[in-house]
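Okay, so the sequence shown: first residue is 13 according to our numbering, each after it adds one.
Each hint should be verified, as a subset may be incorrect.
[Claimed, not checked] Lysine-lysine pairs mimicking BS3-like chemistry, simulated, CA-CA at most 25 angstroms apart: (1) Lys76 to Lys46; (2) Lys46 to Lys102; (3) Lys23 to Lys48; (4) Lys98 to Lys73; (5) Lys73 to Lys48; (6) Lys73 to Lys23; (7) Lys76 to Lys48; (8) Lys38 to Lys55; (9) Lys98 to Lys46; (10) Lys23 to Lys98; (11) Lys23 to Lys102; (12) Lys46 to Lys73.
No wet-lab data here; the hints were simulated from the structure.
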Amino acid sequence: MITISENSEAKELIPIAQAVHILVNKLPVSMRSKNKPGIRLEKGEVVDTNYEGYVLRLAIKEGKVIRATPIVGPYAGLPVIVAPIKNGDKVVGAIGVVDITAGIFEDVLAIARRPELYKFLPEDAFPK
Numbered sequence: 013m014i015t016i017s018e019n020s021e022a023k024e025l026i027p028i029a030q031a032v033h034i035l036v037n038k039l040p041v042s043m044r045s046k047n048k049p050g051i052r053l054e055k056g057e058v059v060d061t062n063y064e065g066y067v068l069r070l071a072i073k074e075g076k077v078i079r080a081t082p083i084v085g086p087y088a089g090l091p092v093i094v095a096p097i098k099n100g101d102k103v104v105g106a107i108g109v110v111d112i113t114a115g116i117f118e119d120v121l122a123i124a125r126r127p128e129l130y131k132f133l134p135e136d137a138f139p140k
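Required output: the full structure, derived from the provided sequences and hints.
See the structure below:
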């Protein structure tokens, strides 16, 4: 069984991060627990097992999705999307992906506003 706690080690996060990495067509993915450094995956490989991640820490602290462009670190200058990992109301970690689309999907949704998509998207992603 795979479990994530606020003290999960980097090696414990690898299976989940790898699954997300594959789902997003091998875009760079990073993940950490609340109290311990995490991992970075790029091109199908784990490239760092001691990753702090400022935006990951911010998502953990705020307990919400963060869309930002870091100014330092391996993804400096690249837009990232980071989501907190919660167990109930308790934030235990965060996972993020480099948004190589630079937000283009949000722009496409804003432009398209196709009514037939309403039933597939949550209200906050596609407000009427």
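These are the hints, each one checked on the structure:
1. Lys76 to Lys46: The hint holds at about 14 angstroms.
2. Lys46 to Lys102: holds (10 angstroms)
3. Lys23 to Lys48: holds (11 angstroms)
4. Lys98 to Lys73: Satisfied, since the Cα-Cα distance of roughly 12 angstroms is no more than 25 angstroms.
5. Lys73 to Lys48: holds (14 angstroms)
6. Lys73 to Lys23: holds (22 angstroms)
7. Lys76 to Lys48: holds (19 angstroms)
8. Lys38 to Lys55: holds (6 angstroms)
9. Lys98 to Lys46: holds (10 angstroms)
10. Lys23 to Lys98: With a Cα-Cα distance of about 19 angstroms, the restraint between Lys23 and Lys98 holds, given a limit of 25 angstroms.
11. Lys23 to Lys102: Roughly 22 angstroms separates the two Cα atoms, so the pair holds.
12. Lys46 to Lys73: holds (9 angstroms)
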